[in-house]
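Asker: Below are the chains, spelled out letter by letter.
2 protein chains.
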Amino acid sequence: MAVEQLAGLSLIEGVATKGGGATFSGYNPTDGNALEPFYTSASVTDVEHAVAAAVKAAEFLAASSGADRARLLRAFADGLDAAAESLIERAMLETALTRPRLTGEVARTSGQLRLFARVAEEGAWLNARIDMADPSRTPPKPDVRSVLRPLGPVVVFGASNFPLAFSVAGGDTASALAAGNPVIVKAHPAHPGTGELVGHIVNAAVAREGFPAGTFALLFDAGYEVGAALVQHPEIKAVGFTGSFRGGRALMDLAAKREVPIPVYAEMGSTNPVFVLPKALAERSAALAADLQASFTLGGGQFCTKPGMVFVEEQHGRAFVETLRSKVAAGGAFSLLTAGIAKQFEHELAERRSLAKTLGAERGEGHAAQSVLFEVSAEKFFEDKRLSEEVFGPTTLLVQCDSKEQMMAAARGLEGHLTATILGTPEDLAEHAELIRILEQKAGRVIFNAFPTGVEVNHAMVHGGPYPATSDGRSTSVGSLAILRFARPVAFQGMPQFALPPELQDANPRKVPQLRDGVLAI
Amino acid sequence: MAVEQLAGLSLIEGVATKGGGATFSGYNPTDGNALEPFYTSASVTDVEHAVAAAVKAAEFLAASSGADRARLLRAFADGLDAAAESLIERAMLETALTRPRLTGEVARTSGQLRLFARVAEEGAWLNARIDMADPSRTPPKPDVRSVLRPLGPVVVFGASNFPLAFSVAGGDTASALAAGNPVIVKAHPAHPGTGELVGHIVNAAVAREGFPAGTFALLFDAGYEVGAALVQHPEIKAVGFTGSFRGGRALMDLAAKREVPIPVYAEMGSTNPVFVLPKALAERSAALAADLQASFTLGGGQFCTKPGMVFVEEQHGRAFVETLRSKVAAGGAFSLLTAGIAKQFEHELAERRSLAKTLGAERGEGHAAQSVLFEVSAEKFFEDKRLSEEVFGPTTLLVQCDSKEQMMAAARGLEGHLTATILGTPEDLAEHAELIRILEQKAGRVIFNAFPTGVEVNHAMVHGGPYPATSDGRSTSVGSLAILRFARPVAFQGMPQFALPPELQDANPRKVPQLRDGVLAI
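Residue numbers (the numbering used here), protein chains in the order written: chain A, 11 to 532; chain B, 11 to 532.
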């Protein structure tokens, strides 16, 4: 569909619906002007309609094969790639993200869909297990078989900062569908046009691949009611969310208070501590400073993996800090994603100015923000918890430590983060062995000599981490392990072959790996 | 240690502690008499002490190999087997469970420990994943590796109805330790002597195998304060619980309200619906009735897997009901586990008598209870939610359906249960294909032609199920999958070999299966 055809309506059972209530629009962050069309919020009736359709589709999906779902996900991916140009154009307008960044994001999004297609098709994730009967034992040993089964309708909240990769057909949608769950997406209002374009691509694929129309729905809302109604709906079985701590925690609390609580997988951001060690500082402080500056300002500093606090030993870090300061002073201005984010950034910078020394430049014009570098002593850092909180935007905080011991104490005092980074030589690392042990308890990913803003989509990636980085540190929202969030094991005992899910049958018609009496058979 | 040496004290860092506050004792359920010695509740200081020791031990455990932990778990198992006679004697006194039942429970408990020893040793559960670097890609692909790592100190609550298998060295303790977490057990006050005996066996093994004393602690409490303090302690990372819905939900709520919420794995009981289908009723109603009666009265009906509601089509079930009624009328009396359980059973029976027709016998003398069979129409069953609630004790409820459709409606209306059972011929099953699809959404285990009270400990078992059967339907508390509850994935990016956990090193010194670039290598 062309951008001119955008209708501003929610998509339920494959059809645009009238909705009700408030209207809203996307805005161009570079000039603050509203973008056509207006979007109509979904109504309570729309929520009921979307959930009822998802419940119906859940049965079909639960019976579908991994190969069927792989076809569907690949059809999404092909559709996105074919429409890349219009998606990029619209997303540029709505987010002010650059063309190269959005080109990469389309590829990342279709790549994620294809990764989950392979995972669904291969079926190892199902953890199919067969413990054979033994009638000779006393009492006779029963035949017991278990496999991961889908949860049912899943609600996904699109993120402001990834209009494609963490939105309508992003990682949560891909992993929930790969596991066999229908998905209802609550679109992020900051990029509704991009969302609608993707929604039509998904719907076309759903229809073409013969899946029920309730497999997917896309709901718009100017406010919070639609999201809250979805999370509280008795037929919704799980929630995926990427956004702020406040938003994520509110959803966690709503879900915990339900008559039947459900899992909420909320990725709520992180300050991503970086530890710069002495020998690396001696060897290559200029390069480290340049790379750090590039990382904390990438995408306007609006990544949940932005390095937001940097620990150095003061006596080793002087050249590094000086280079960083000059890099920041020479840095350009950044258009932030929305007026709300820009305002919040300004507010948080004001607070930070009252708590720490400003080393870098001040705010730019309009919605444009310049990067700001702050500095604080470790003592001060320990005293004020606000200094370890995330500031979303192009800023970072240098924490000056007077000793290795003080740096270790800072590491031990960390809350949960998505990532923790060590910049050092191998010798540094050997001398700071304890640091790795501490950091693996604080983060989902521990990085050596790279910057956290790159998140590879693969089998080993963990984009998660202990609370408050996420609601559930036992999970990841990026990489193939993400599929495990949306399934539960079910055992079948003494069941005749014909009544078993195909993945548990002896004939194994779907050719999935089976663990037979504890031994893996493929 | 001999029963005469029981001291009635909590065990922290391997040492008996004085405690503080209220004292209590076990009781002999057959006569209501207190059993020596008196037990002293742990104090707030004891809680702090036990947690601090566990935090220290957590580092050691996180670095330990699966083979090391396997040795520890096997030492527990050997110790339990060696002390079987004194454990059985004491548990008989404290619980009135029979010698054969407790003999089986010792074997089950040591068997569970050995199962988790094998799981820890083999290391497949760790899900070690390696995605190799590719410097030729643009941008260069980093080396990313992930593995499941322990959570940290875990609190386990002993269960009233399994003094061994779900208590001090039971399934939760075994799986949490196998995953590398220290464990603090809050003993169930109904069988403190059995708990203390097991505690000493565990401590002796911990010391002998060279693990730190903080690896394990056992705390006694007359009330709820110690348990609540543990669940709210910032250094506690997860909770395992087997018990009542009220108790489990209270722990869930406490954990959700923490500044840093933690996972609670609560197995909260279940009514375990049974569907008896027409052709089986025609072929073997007498045998089905006899087996059902044996199952719902097994262990005094005090299993969380007791079949507590039985759906039949009235026109096919007359002979079955008549046999069941006569079996129940001829049934003996059962000593319930505690005076509290006996009182609660009496209270719930009184309510049930007001809601359903009584087909069976009335209550016995003292703490002894006779089995009671109730009957109700499906219409009545649909009207009153209380009829689908668990009644802990030797009773079950027959639900008379007027048609297949009504029976299917009853299935669709079920809440979450640990198990759901179908008794039928293969032909019955084929004619009720929808029933399996419904029940797999309602239960952790779907059983054909067997009774739910037997729970096999193996790789495929799922002893879990949707809320309210458990707090987290994505998990099981029995079988090797239970280990997954107490771990989280951590990724390491660009890390030199020496700084990686051994399970992620190329040399793979611990010989665990590794998924390399998506392909399993063993």
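Among the clues, some could well be false.
Put simply, identical chains are the same to the list, so a pair is met inside one copy or across any two.
With a Cα cut of at most 25 Å, we get these calculated SDA-like pairs of lysine to any residue [said to hold, decoys possible]:
hint	residue 1	residue 2
1	K353	R396
2	K289	Y234
3	K66	G426
4	K395	G24
5	K353	D144
6	K267	S254
7	K151	R118
8	K414	A238
Because the hints were derived from the structure by calculation, they are not lab data. In this text, all values refer to a predicted model and were calculated from it rather than measured experimentally.
Asker: Decide, hint by hint, whether the structure agrees.
Answerer: We went through each hint and held it up to the structure:
1. In this assembly of identical chains, the alpha carbons of K353 and R396 lie at most 25 Å apart only when taken from the same copy (18 Å versus 53 Å across copies).
2. Taking the shortest Cα distances, K289 and Y234 never come within 25 Å of each other, neither inside one copy (50 Å) nor across copies (53 Å).
3. Taking CA atoms no more than 25 Å apart as the test, K66 paired with G426 passes between copies only; the shortest distance there is 19 Å, against 39 Å inside one copy.
4. In this assembly of identical chains, K395 and G24 lie within 25 Å of each other by CA distance neither inside one copy nor across copies; the values are 47 Å within and 37 Å between.
5. In this assembly of identical chains, K353 and D144 lie within 25 Å of each other by CA distance neither inside one copy nor across copies; the values are 68 Å within and 41 Å between.
6. In this assembly of identical chains, K267 and S254 lie within 25 Å of each other by CA distance both inside one copy and across copies; the values are 20 Å within and 19 Å between.
7. When the C-alpha separation of K151 and R118 is checked against a cutoff of 25 Å, the pair qualifies only between copies, where the shortest distance is 14 Å, while the shortest distance within a copy is 48 Å.
8. Within a single copy, K414 and A238 get their C-alpha atoms no closer than 47 Å, and across copies no closer than 38 Å, so neither meets the 25 Å cut-off.
Figure legend: structure checked against the earlier numbered hints; hints not met, in rising order: 2, 4, 5, 8.
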